[in-house]
Structure formats: structure tokens, C-alpha cells
Amino acid sequence: MGYDPENPMVDRITDLGPPHYEGMFPPVIKENFGKWLYHEIIQPGVLVHVSETGAECYTVRVASARLISIELIREMCDIADTHCEGSLRFTTRNNVEFMVDSKAKVQPLLDDLASRGGKFPIGGTGASISNPVHTQGWVHCHTPATDASGVVKAVMDELFDYFTSMKLPAQLRVALACCLNMCGAVHASDIAILGVHRKPPMVDHDAISGLCELPLAISACPLGAVKPMKATNSKGEEVKSVTVNADRCMFCGNCYTMCPAMPLADPDGDGIAILVGGKISNARTVPAFSKLVIPFLPNTPPRWPETVDAIKQIVEAYAKGARKYERVADWCARIGWEKFFEVTGIPFTNKSVDDYRLAYDTWRTTTQFKFTSHIK
Amino acid sequence: MPKHDTPMLDQLESGPWPSFVTDIKRQAEKKPECWDILGQLELSYKDRVTHWKHGGIVGVFGYGGGIVGRYSDVPKQFPGVAHFHTVRLAQPSGKYYSTKHLRAIMDLWEKYGSGMTNMHGSTGDLVLLGTTTPNLEPLFYDLTHDIGQDLGGSGSNLRTPACCLGKSRCEWACYDTQATCNGLTQHYQDEIHRPAFPYKFKFKFSGCPNDCVAAIARSDFALIGTWKDDIRINQAEVQAYINGTTPPNGGAHAGRDWGKFSIKKEVIDLCPTECMWMEGDELKIDNSNCNRCMHCLNVMPKALRPGTQQGASVLVGAKAPILDGAQFATLIIPFIDVNPDNDFEEVIEVIESIWDWWMEVGKNRERVGETMQRIGLPTFLSVMNIDAIPQHVKEPRSNPYVFWKEEEVEGGFERDVVEFRKRHAQ
Ligand code: HEM
Ligand code: HEM
Ligand code: HEM
Ligand code: SF4
Ligand code: SF4
Ligand code: SF4
Ligand code: SF4
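Protein chains in written order, with the numbering used here: chain E, 1 to 376; chain A, 1 to 426.
Just so you know, these hints were derived from the structure itself, not from any lab.
One should not assume that every hint holds.
As the list claims (entries may be wrong) - With a straight-line Cα cutoff of 27 Å, these simulated DSSO-like cross-link-like pairs (lysine-lysine) come out:
no. : chain 1 : residue 1 : chain 2 : residue 2
1   : A       : Lys260    : E       : Lys235
2   : A       : Lys422    : E       : Lys324
3   : A       : Lys53     : E       : Lys199
4   : E       : Lys291    : A       : Lys200
5   : E       : Lys227    : A       : Lys363
6   : E       : Lys230    : A       : Lys260
7   : E       : Lys370    : E       : Lys291
8   : A       : Lys265    : E       : Lys320
9   : A       : Lys265    : E       : Lys370
10  : A       : Lys46     : E       : Lys199
11  : E       : Lys291    : A       : Lys394
12  : E       : Lys320    : A       : Lys260
13  : E       : Lys324    : A       : Lys264
14  : A       : Lys46     : E       : Lys312
15  : E       : Lys320    : A       : Lys264
16  : A       : Lys100    : E       : Lys103
17  : E       : Lys324    : A       : Lys265
Unchecked claim - Have a look at the derived ranges for each label pair, beta carbon to beta carbon:
no. : chain 1 : residue 1 : chain 2 : residue 2 : range
18  : A       : Asn135    : E       : Arg198    : 35 to 41 Å
19  : E       : Glu338    : A       : Ser398    : 22 to 28 Å
20  : E       : Thr349    : A       : Asn135    : 45 to 51 Å
21  : A       : Ala240    : E       : Asp354    : 44 to 50 Å
22  : A       : Lys363    : E       : Thr362    : 24 to 30 Å
23  : E       : Lys320    : A       : Phe403    : 47 to 53 Å
24  : A       : Val409    : E       : Arg334    : 43 to 49 Å
25  : A       : Pro79     : E       : Asn233    : 28 to 34 Å
Every residue, glycine too, gets a C-beta built ideally from N, C-alpha and C.
Work the whole structure out from these sequences, hints included.
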């Protein structure tokens, strides 16, 4: 018996939760759970973990576009069935990992992956750029200021070599979120690509009373920019509506999230900001937020050349200037942000000077600074 | 046959990085609605705005989360994506899949959906992209009956918890992140599916301070593994690094010639607390000054291991910028036992004291980190029954504006101004 629309509650099962992870393990993982002694990266994208039992687990890590089809996933399953005893895993950064239990099984797996027409590039380990975490963009979300999959594709085509090799000073995490909601949590990545709006919301006086709770729309604004007012709709009737004080708006889109009658997306208003120097790991230095270094780049589909160039510039300067083990944040802290702007050639504008709450924390309150080309 | 011309998207088929466009086209051969994904996306590329309508509430009976409604704003042009809802599935802890299970989900999605997915969503769920309202109940029925698996979370509820791969394949995990993640997910099914919170709440579990699952930045309740006692040192293996027999950092820097490994330059001098030194051939650590940053263990995984008294730190209140600015999670409990044998009693007790307080004082759409900011860490600590300790702050406050309570000041606040005036002329 399948689902019966006449009796929707019959045989209903709820609250099952996820399937138990143990049933998903390849045997070598199951047998050596909690017994791992150490690991090594034997070539880019290939790890070996060695257990205290002497067992070895070889992992081959490949890129994925995150937005993937069931056909592609079935192809991954074919690979896992052939080589990996019917098991595979995904990483937090949306890489796909195939695991085998002996060195002899690695090369056939690599050959198989390579034979599939570039669908499964191998890399993303060690001092490399791993798979960029990203969000939905124009493919599937209602609030984006830019696309996600397309921008990531364009950026990674250019940085591909840093995925398949390990020649950076440390690992470099790139992430993209297509609006300030930051589903992609770009607020703590080495390089963050962020979709931003620059025009205040429009108010659709015809739709607002039907679609929105006005008090909610008003309280949604963190800056109090939305105020109640009487407006005239297109039929000439007076309706209760809201107005937006443009001087106060920081274009966060929260009012639109609460009230669909306040759209703010715009082909010229929207684009991309670049933030750098965030990290999550506690290694050496503490976790850090990403900092806004480019306030705006235009949306130029399909290949966003301005964004790709800016990121390339930052990565190259970092690769050249940072010391071994230094994350982007650590490199910036050592050389100083004024030097960062000089060595990357990114113009500094007053948009990078904070004027939001607690801004003072970021102003310089010492006579220690470096003379760079910025001082005329 | 392509249903729409997509000259701009076609340009994303070249280049070495895997192309989602090529992949969608491949899927479209079996699932013609995928042509409409491409058609609508091409239109967005041309117009440079999204063509999805705002929200829309859909779901399955009795669940407040797990499905996100989505409708096209150009449905006539692209009928295949007129409704295109997102279904979130609870992922197995650590994101391992048997191909049997994965194939079953793919078959289900072939039957009821567009054939496109996100592996995975940012919160961790397995995300199925694009189905219609009438398909939701049958999909849910098959999902629970045939595949034995449930939806994930969305909305103002407990989101699907996520963890790093932990003890399954990492030598640094200080507690079993997968058992904890799975255990608490099962324990809190009601909170995942039937929202009762002011806003979303996320658990994330990382096995060590490297924090691979980004708990400190992305979760309201972060459990990050750590240890209390001394780093275990294998001096012979230390020598192997010094001699160059073992490559540092597990070989992570093999792509460039960084010169010969120097334990002084790469480990001792980079230790943030300067608590390491060599005594002859022996590496020494003053463990009482180590803050367990993981650097030395990362560089010499064969020689150094976390201590044996293992547990986790609890940090609370991380969130992305909207609304009040980004916050990292704040250290609340430096060390807690994470014990599967008593069903994580210690951890659950902490979670529930946070919820009791937040559900009472949190405003609508206020993440717990924002409530903590608004009300203050001292108050939060006292409702949690936790004594303030220096570990709770980076530094003590620099302003002197202390809020004393009346009962804390000798004689209280009530005074007699008439009496005062008798002694002090105005
Ligand atoms: C045994 C396997 C792994 C090892 C040895 C390892 C090693 C590391 C190390 C050493 C760091 C900190 C780097 C530093 O700042 O010095 C790190 C950070 C990280 N790792 Fe892993 N990792 C492993 C598995 C994973 C997995 C499976 C994932 C994802 C599924 C992952 C994702 C991350 C992330 C997101 C970070 C934090 C990045 C940031 O700071 O922004 N790692 N890892
Ligand atoms: C109707 C409104 C919203 C919808 C439809 C929506 C949709 C989504 C979706 C689909 C994801 C998962 C993205 C992915 O996995 O790629 C997500 C994640 C997220 N959303 Fe929203 N969102 C909405 C409102 C908001 C709001 C108002 C905020 C913040 C105030 C927010 C903050 C986030 C964050 C921080 C994440 C990342 C979760 C994580 O840490 O893993 N969202 N949202
Ligand atoms: C713990 C309490 C405080 C300490 C230890 C303290 C200490 C000092 C010191 C050492 C100076 C510099 C004096 C110098 O010129 O050598 C100073 C300056 C000053 N303090 Fe304070 N102070 C305290 C509280 C306050 C408070 C509560 C206020 C005002 C509400 C205040 C306002 C000022 C002002 C206006 C200056 C002059 C600053 C300037 O030169 O521009 N201080 N304070
Ligand atoms: S970051 Fe914004 S636009 Fe992008 S998926 Fe999340 S809510 Fe949608
Ligand atoms: S976009 Fe943000 S700041 Fe602007 S009016 Fe809306 S809620 Fe307020
Ligand atoms: S957080 Fe620590 S224990 Fe977990 S996978 Fe990362 S390095 Fe390993
Ligand atoms: S873990 Fe960090 S602080 Fe502790 S000894 Fe190693 S490098 Fe130093």
C-alpha cells in the first residue's frame, strides 16, 4: 500500500530522524572507528589514515558542483560499488570522498575517476583551495543579489590549479553567499564572495495590505527605516502602507523577507562584495570574521570577470607573500591591512571604514602604522 | 532536445571545474522540467535578477519544517518550475552514505521530483530541489515507509544537527561527534519538526578545535572537542619529523619547496602560547600553558596526540550577520563530559537550561546569541547557574559602569534625602 490521499493519517510514520550512520560506513571505517593513529596526504586529493590495528584507509577526494543531479549521484554510486564496497561520503565543503582499504585499490579508482571526462577532479586537500561552500542564487532562492553556482564555476575555473595542487601557504577556504542572510556562512572564510543589494526596497502599495502584516514589516527593519504611512494605490484608493527612509537603509533585505510587497532586487543595484581574512579553525590564531575589502562589483553573467579577477589578485598576492602555515587572516595581521591593499592593488575606499554599530572597534587607535602608497 | 536557448549558460560548460549546466542538461534528458530550470536561470542571467517568488508555506501534515515553498514568477514561460519546492532530508551523521540508501533516495526523487539536488545544504541536510505540492505527502510516505528516513528542519525550530566525521576517520576527535549528533537528533525530533522557538536553533559538533564543521561560527549550540591533560608525545616520531623522514602537516605542503623542515621555525616558534621547547633531542611542552590550539598536532600528527582526558567545550550563540551583525559563539563551559552511556545527560541539561531561558525572554526572530547580547553575558551565566571565570572573557571590561543590584550594596538603595540635607547644604 502506498499513500492514500483519502486517509492521509493511516499508517503514518513520523519522527524517524536520519538513518543510523553506522549502516553507511565502508567496512574499514566501521572496523577502525576511534582507532585512527595518524594520517598523511600522499598526493593532492589522496589521504591515508592509519589505524592502531595497522589497517589503512585511503580516501580520494573530488570536487562537486553542489548543485548536482541524481544521474551524477548514481554515477558516484557506480564508482563506490565498483571500488569502495558500496559506500561514499560528502564533506562539509561538498567534496565527495571515495574510500578504499588498500593502496593497491587507489590507482584503479583514480583511473576510473579520470576516465569520466573531467566530472570528478581530484584535489582539495592540504594547502589548497577546497570546494567552495555556496548557496542557491538565481537557481532557487527568492532573495539573492547574485547567482551562486555560476559565480563559483567561473571563479573555480580560474583557480582550478589551486584545487588540484598544494602549493599555497595554508588551506584557503572560499565561500559564496548570494545575500546578507549568508546561508553560506561566508562571514568566516578566507575569501568570501557576497551578493549585495544597493537600492532600498520599493513598496508595492497595491499588494501590501493583502500580503503583509504591516507591524511585522516595520519591526523587521534593524535600522527603523520602515515607517507606516497612508498611500494611494493604483485604483486611487487610500490604503495603509509603509514608506522607507532611504538614508537609513543598509539594503539588508530583511523587510522583503517579512513582506513580499517590498522587493529590492535590481539589475544595476545588485552585485558582489568581496570579504577576506576570516577563519574558523582555532589553530594558532583565534577564529576571525571576514573583512570587507571590495564593497561592490557588478553582476556580469555568465562569467563575472571582475569578481574572478579580484579574487585571482588576492590569491596570487597571498601565495606570494604569506609564510608557510599562515592563513589569509594571519598574513593580513602580520603585514597590516594597509599593506594588504597595497600588495593586492585593491583600491581602498571609505566603504571599508565601518560606520555600523561598534564600528569604533575597527578604527586605528595607535600611532603604529606603515607608510604605504596611500599616504600622499 | 533543449527546450530553450541558453547561450549564456552554455558558456559555463567550458573550463575544468565541474559544470552544473552540463549536469542539468544531462538530467533534462530524463526529467524535462530541468529544461525549465535552465530556461528560467538563463532569463535571470539576462535580467540579472531572480525569478523566484517570495516564499509560500507548504509542508507535510503535522510538521512545521523540512520543506521550503518555492514558486516561479514566470510560470507561463517555464511551467516545469511553476511550483518548485525544496525538500530537506535529515543526513546521516558525518555524511557517509551506503550506495543502497543513496540510490533509494535518488529513485524516490526521480519519481516525485525534478532530479536535481544540493549535496548538501549549508545546514547539513540533503536537499532535494524542486517538486510540486501534490507530490509532498506521497513522497513523505515513501520516504518514511520504504527508505526509513525522515525530513530535516527548516523554520523557527531546531535545525538538522550536523557534525564533523569525528572518530570515524580522524585521529583528533576528542569525543564521538557522530554518536552525539545522531543521539541528540533522535532525542529532539519534536523540536525539529514542530517549531516552538523564537527562531532557528542549530547544534553543531566538532571533534577538536580545528572545528571542521564550523560550529563556532554557525551554531547556536557548539560542542567542540578538547582535552584536559597533557599532549601525548612520541619522541621517536618527533625525530622522524626533524630528520625529514616524515613530511610535516601530513604532507599538506608538498606542492611547493618550502625548504627543510625546522621544528623551531614551524612548530616551537609558531606555538601561540610559547609553551614548547627542545631539551636536547626531546620536545617538551608546558601543558599548563598550552591553550590546545592544535597547531603542533596538525604539523606533527604522527608524533603528537591529544591527551587522554577528553571531552568538549560548550560555546553558545553564533550566527550570520542578519540582523544584529555576525557573532561567534561564546565560551560558556570550558569542559564537559560527553557520555553516550548516560545518553548525553550533561549536554542535554545544558541545552535545556538555554532553551528554558531563551523561550521565555527571546523576542520573535531573535537568535539566542542576540538575546545574550541584549540581556548580557553576566545574566546569561547566572540563569545558567554558572560562576563567572576568566575563561569567559578575552579581557575584563574596560568601562566602570557596573550594574549593582540593590541587594548587593550595603544598606540598599533607599536613603533619606531629608536626613542628608541636614548635614549637607544645597
Ligand atoms: C582527518 C581528516 C582531516 C584532517 C587531518 C583535517 C585537518 C584540518 C586542519 C589541520 C585544519 C585547521 C587548519 C589550520 O588552520 O591550521 C582543518 C580545518 C578545517 N577542516 Fe579539516 N581536516 C580533516 C577533515 C576535514 C573534513 C572531513 C572536513 C569537512 C567535511 C574538513 C573541513 C574543515 C574545515 C571547514 C576547516 C576550517 C576551515 C576554516 O578555518 O575556515 N576537514 N582541518
Ligand atoms: C523565507 C525566508 C527564508 C528562506 C526561504 C530561507 C532559505 C534558506 C535556505 C534554503 C537555506 C539553506 C541554504 C543552503 O543550504 O544552501 C538557508 C540557510 C540559512 N538561512 Fe535562510 N532563508 C530565509 C530567511 C532567512 C533569514 C531571515 C535569515 C537570517 C535572519 C536566514 C539565515 C540563514 C542562515 C544563516 C543560513 C545558513 C544556515 C547554516 O548556518 O547552515 N535565512 N536559508
Ligand atoms: C576607572 C576610572 C577611570 C580611570 C582610571 C581614568 C583614568 C584616566 C587617565 C589616566 C587619564 C589621562 C590623564 C592624563 O592626561 O594623564 C584620563 C583622562 C580622561 N578621563 Fe578618565 N579615567 C576613569 C574614568 C573616567 C570617566 C568615568 C570619565 C568620564 C565620564 C573620564 C573622562 C576622562 C576624560 C574626559 C579624560 C581626558 C581625556 C583627554 O585627554 O582627552 N574618565 N582618565
Ligand atoms: S544567501 Fe540569501 S539569497 Fe542566497 S540562498 Fe541564502 S537566503 Fe537565499
Ligand atoms: S532593506 Fe533592511 S535596512 Fe533597508 S528598509 Fe529593508 S529592513 Fe530596513
Ligand atoms: S574537527 Fe577535528 S576531529 Fe573533527 S574532522 Fe576536523 S580535525 Fe578531525
Ligand atoms: S596545541 Fe597550540 S598552544 Fe598547545 S603546545 Fe601545541 S602549538 Fe602550543
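Consistency of the hints with the structure:
1. Lys260/A with Lys235/E: Roughly 78 Å separates the two Cα atoms, so the pair is violated.
2. Lys422/A with Lys324/E: violated (73 Å)
3. Lys53/A with Lys199/E: holds (19 Å)
4. Lys291/E with Lys200/A: holds (26 Å)
5. Lys227/E with Lys363/A: holds (20 Å)
6. Lys230/E with Lys260/A: violated (74 Å)
7. Lys370/E with Lys291/E: Since the Cα atoms of Lys370/E and Lys291/E sit roughly 19 Å apart, the hinted pair holds (cutoff 27 Å).
8. Lys265/A with Lys320/E: holds (19 Å)
9. Lys265/A with Lys370/E: holds (26 Å)
10. Lys46/A with Lys199/E: holds (19 Å)
11. Lys291/E with Lys394/A: Holds - the C-alpha atoms of Lys394/A and Lys291/E are around 21 Å apart, at most 27 Å.
12. Lys320/E with Lys260/A: holds (19 Å)
13. Lys324/E with Lys264/A: holds (13 Å)
14. Lys46/A with Lys312/E: holds (25 Å)
15. Lys320/E with Lys264/A: holds (23 Å)
16. Lys100/A with Lys103/E: Distance ~25 Å between Lys100/A and Lys103/E Cα, so the pair holds.
17. Lys324/E with Lys265/A: Distance ~10 Å between Lys324/E and Lys265/A Cα, so the pair holds.
18. Asn135/A with Arg198/E: 35 to 41 Å: holds (38 Å)
19. Glu338/E with Ser398/A: 22 to 28 Å: holds (26 Å)
20. Thr349/E with Asn135/A: 45 to 51 Å: holds (49 Å)
21. Ala240/A with Asp354/E: 44 to 50 Å: Because 48 Å falls inside the window, the suggested range holds.
22. Lys363/A with Thr362/E: 24 to 30 Å: With a Cβ separation near 27 Å, Lys363/A and Thr362/E satisfy 24 to 30 Å, so the hint holds.
23. Lys320/E with Phe403/A: 47 to 53 Å: At 51 Å between Cβs, range holds.
24. Val409/A with Arg334/E: 43 to 49 Å: For Arg334/E against Val409/A, whose Cβ atoms are near 47 Å apart, the range 43 to 49 Å holds.
25. Pro79/A with Asn233/E: 28 to 34 Å: Holds, at about 30 Å.
The earlier numbered hints that this structure contradicts are 1, 2 and 6.
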